[in-house]
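Peer 1: Next come the chains, spelled out residue by residue.
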Amino acid sequence: MTEPVDVADHRPAGPGPADRGWSFSQWFRADASEPVRRNLGLVIVLIVLYAIGAWSRPDIFLHADRLWSNELTVLTLASSIGVVAIGMTFVIISGGIDLSVGALLALASVWSTTVATQSYGAATMVLAALLVGTIAGVVNGTLIAYGRMAPFIATLAMMVAARGLAQKISGKTTQVVSVHAITDIAQRKVLGLPLLVVIFGVVAVLAWVLLNRTTFGRRSAAIGGNGEAARLAGINVRRTQVLIYALSGLCCGIAAIMVTAQANSGSSDHGNLYELQAIAAVIIGGTALAGGRGTIVGSVLGVLVFTQITNLFIVNNLAIEYQLIAQGVIIVAAVLVQQFRVSSLRRGPA
Amino acid sequence: MSTSETMSEAPILSLTGIVKTFPGVRALDGVELEVLAGEVHCLLGQNGAGKSTLIKVLAGVHRPDAGSMVWRGEEVSFNSPLAATKAGISTIYQELDLVDELTVAENIFLGHEQAAGGFIRRGQMRAGAKAVLDRLGHGDIPATRKVGKLPAAAKQIVSMGRALSHDAQLLVMDEPSAVLAHDEVANLFRVIRDLTSRGIAVIYITHRLEEIREIGDRVTVLKDGRTSAVNLPARSTGTDQLVSRMTGRTIEYIFPARTERAEAPAGPPLLEVVDLSRAGEFVDVSLTVRAGEIVGIAGLVGSGRSELLETIYGARPAQSGEVRLDGRRLPPGRVPAAVRSGLGLAPEERKSQALILEDPIYRNITLATFAHHARGGITRASLEQTVAAEIADDLALQPRGVRRPVKTLSGGNQQKVVLGRWLLDPAVEPGSGAARRRASRGTRLLLLDEPTRGVDVGARADLYRVIRRLADEGMGVLMVSSEVPEVLGLADRVLVMREGRVLREAPAAELDEETVLDLVMAGSLLEVDSP
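Residue numbers (my numbering), protein chains in the order written: chain G, 1 to 350; chain C, 1 to 531.
Hint data in this document are derived by calculation from the structure and do not stem from the laboratory. You can trust all of the hints, since none of them are fake.
Pairs of lysine to any residue, SDA-like flavour, derived with a Cα cap of 20 Å: (1) C:Lys407 with G:Ala288; (2) C:Lys351 with G:Glu228; (3) C:Lys407 with G:Glu228; (4) C:Lys407 with G:Ala290.
This one's a predicted model, so the numbers in the text were calculated from it and none came from an experiment.
Produce the complete structure using the sequences and hints provided.
Peer 2: Here is the structure:
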């Protein structure tokens, strides 16, 4: 409940700072099991989803090898939206919101796949996507931090403008990728795992370290926890805000490459509604919309829950509209479970 | 009102054996309270004694685990704040729950708007608000003014107006005088007397004993979740007796002795403020603070004192004039630069300006220095905990343990956390056992804005000692307080501010309370009227 980011350090009980002894069981109780406990609601939802899978399609869910390949499909499907949701986690923990992520993804995808950019090769394409996303994020952050605009407004404007710019650049046509190194990204496997999934995993681990172990992560959480206190403690709030939105934009650039590789093309339609999916995943992952506390693990689980639902509908040949209804129900259910846990813990002395 | 002989004798409210536990804490452990119609019943107790919890039980926020509550002859149990309000118990919290963007009338009728068919009847609400304000003797507050534009004292009246509009028979007021200046308190008391003369009962909570003498009829004292005394006569019970019921201590304020020192050393003073101005806040303020010196600023709320501190700190850009630390000019409006140079601020509003309440104690202590403790951008939680624990021990933070959320601490201990933030040596190395700053680095000048607001009597003396000790170690301290005895008792030198100007500067020993109050309060009537 009260734990913001570095959850392990926030438990009122437990060994004091003077207690330097380290034991595995203590560490496991205090640190390692924390993500599971914090995100109990989501873990339960995932288990229920697997149970439904086992019941509706025992031929897939009760065969180890078929289940494995199905889950790799799920993870691949989750990877690009997952990367976007991880960037979004920082934004929301800092008390902001980024509505422009889907549009930035489209813009980065289009920019990196123009005939001109493709002519310079794969490295330039990747660099272009990352730069476009990051620069647009810096613009978002600058408007919010130095222009004192509400994050909702600034990123809403960016969402509309970036999508428009993407349409202008591409002429609303699909830009087929002819550079094989890019399309390879979606095909290649590393240690038996699809490269896209590996990228997702690496981004998640780096983000976890960034949030829980670096001064940048600490500043982000402090700004969301109490912006005025952070400012009066001498934290450079504005610069940190610019960096946070730049990070979100960078994640959009990474995701743009992943989507482009999967679709084999750049398009101004890529990333449609990603902002809503990413925000939903972060929120059901237990990050407070008001800022101050949240976890990367929660956001990753949130994305996995959504993707697993999609997968269940696909393997059972059900229409997409039911899937949307189910996702809406899941958002409500997961948040209710989280709130129930929080309020049952929060009834402490005033 | 039916006032038969027996009715007026019977208490309007009586609580017996109220128990309320939270996980790990027994906040109320058998509380007794008896309130008569038309009396001002004072509730006294240290922070953490259970006053807040008791108020929330009365207000229907918390439901007691055990005990009985008899309200106007009937056993009641409020399951919501609305139920308590409907029954006639209105609570005015310390942080007034007014909506700044709404008008006075809209605030008074918030939640029970006068409406016909879903349409607000503005004229009727304005008239109703006017009537209520007239009843409070404040027909001068315009019903159509936005509450955000009113001074603190007027907001308090609006809150009381809301309670009256609910036809309250019992008004619970949690430290209403904390944000009020001297003459505003006098006015508040006049309003309270007027209410009680009409049979309305008031439960009045305060940390200021002299107020109890002036307004109170009877006193109930809470200590550690129990009633340690009930229905003491407010005027005739001795101060030492009240204080000892709360604490076991017998002296109200203990100020540490001033340190005698040789004449000021040569060279520039630690802090030099020259002709600092901000339009509408303060004009041409000049002052100096030497290392090891406590300089106090006395002044009412609205005299520009908090704004001055924040401007020195860089949280507000100065419009003219300059701030020099050790002779070097600080860039205006840049907090990080001020902090790097060695300034630290303990702001006026602890909860909203200083603390991340959900965060653990140690992270609040290291909020200004965690980047220094980090290595290559990687924070070191265990080092932070170690150095924060050293600071906590040094300041005798209670309870021990720096991993619990800071919001679980009492006001005095929260203030110690804020002070402790500026005592860390930013360059400390792990295991050196020297978390405390050295004179040569870290914070060298502390700006304290109302350092003891909402802090109980016992913890105050503790804070005073800490502040004096820091000065003795070479820290310069510039403090602001609306309590004149505090400024006179703690500071070496005193500046008196009124309407954004420094009127008088003198060693504290040469001033007395009456002189300062005279300077501070003359012309304060004008201040109340200006927006």
